[in-house]
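Those protein sequence lines, which keep their order, are chains A and B. The first sequence maps to residues 117 to 306 in this note's numbering. The second sequence maps to residues 2 to 116 in this note's numbering.
If you're looking for bench data, these hints aren't it; they were derived computationally from the structure. Just to be clear, a hint being listed does not mean it is correct.
[Said to hold, decoys possible] List time: in silico DSSO-like cross-link candidates among lysine-lysine, alpha-carbon distance up to 27 Å:
1) B/Lys-56 to A/Lys-288
2) B/Lys-56 to B/Lys-44
3) A/Lys-218 to A/Lys-288
4) A/Lys-256 to B/Lys-85
5) B/Lys-85 to A/Lys-218
[As the list claims (entries may be wrong)] To be clear about the criterion: a stretch of chain A counts as covered by chain B if any three or more of its residues have a C-beta under 8 Å from a C-beta of chain B, and this derived list gives those stretches:
6) 117-131
7) 242-252
8) 259-269
Every residue gets a Cβ at the ideal spot worked out from N, C-alpha and C, and that includes glycine.
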Amino acid sequence: MEITARSFWTLIHGVGFGAVYLLACSGALVELYRFTTSPAPSEPSAGTQRFLTVYLIAMVVLAWVAVLTGAYIIYPWYRAPLPPGTTSLGMFPQRLLMSSPKTIGWHSFGMEWKEHVAWFAPISITMVAFVFMRYGHDLKHHRRLRAAVLSFAVASFVAAGIAGFLGALINKYAPVQGGQTIQLRAEELK
Amino acid sequence: MKRPQYLSATEVVTRTNGSGAAAILSAAIGSFALAILALVGDKSAAVKSSLIFYKPTGPLSGVTTTAILIWLVLWVVLEMRWSKRSVALGPISIASFVLLGLSFLLTFPPIVDIF
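With the rest of the complex left out, here is chain A (with noise of 0.2 Å):
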């Protein structure tokens, strides 16, 4: 049982980073929005405000390391140039997807869109989780701020979600692969 370290680094960043960031932004919506409309009787302490900060900043970390990681570690193996004389193209992703009319749109729609739209999500998120940490239980009292601070968490949930989604999908058709062999596990044939 093995993986390879470009695998490796495509799971990182894509389970690792991405899809806890995903499930962490389900989360993030409801707490946000129950922490700043709950009504007087029933106001959050300082300890769920200062849980919620944690959390938020956790968010923000794990969006800009997804990214970073997708950007500058993942993307440039995707992406790399064909060395002249190549005949197999399962070491080029992008080029593995180009090179056919049944592939080549998971290149031109999926990457083109999942490479630039995935930034909005550590943007939103890093937005969200100021203004959260400024303001606290104080947006309640901020209707607008509020309803935006919601949006923007909305907006970084949906741009991931399509980074995420399109990500798996490509991942699926043309694998980052290639780089050390990293054996998980030794077995035996039976």
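Knowing the structure of chain A, use the given hints to seat chain B on it.
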């Protein structure tokens, strides 16, 4: 290290909305800048090559780095100007939503191909 102080339910003080407005508007403009840079880079070979800050990543490196710089610089400037006062959040929110919506649209390949 000094621990952050949180206001209790009884201590809640309504702050001015300027700081929040600065964060929202700058995030929207930063996103829009990214979409515009991506679009212009896609249409102009000269702009595309000038946006290659890191060759293995190609123009994406310049598009995103420039957009992030625009976002952060604008955020600092607006924060300095608005943090201690209240601003008309209605028009700022609407402008931010429009810019964010346009950002999504202008990165959508079938729309990019129209230009």
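Check your understanding: Tell me, which hint numbers fail for this structure?
Key -> 5, 6
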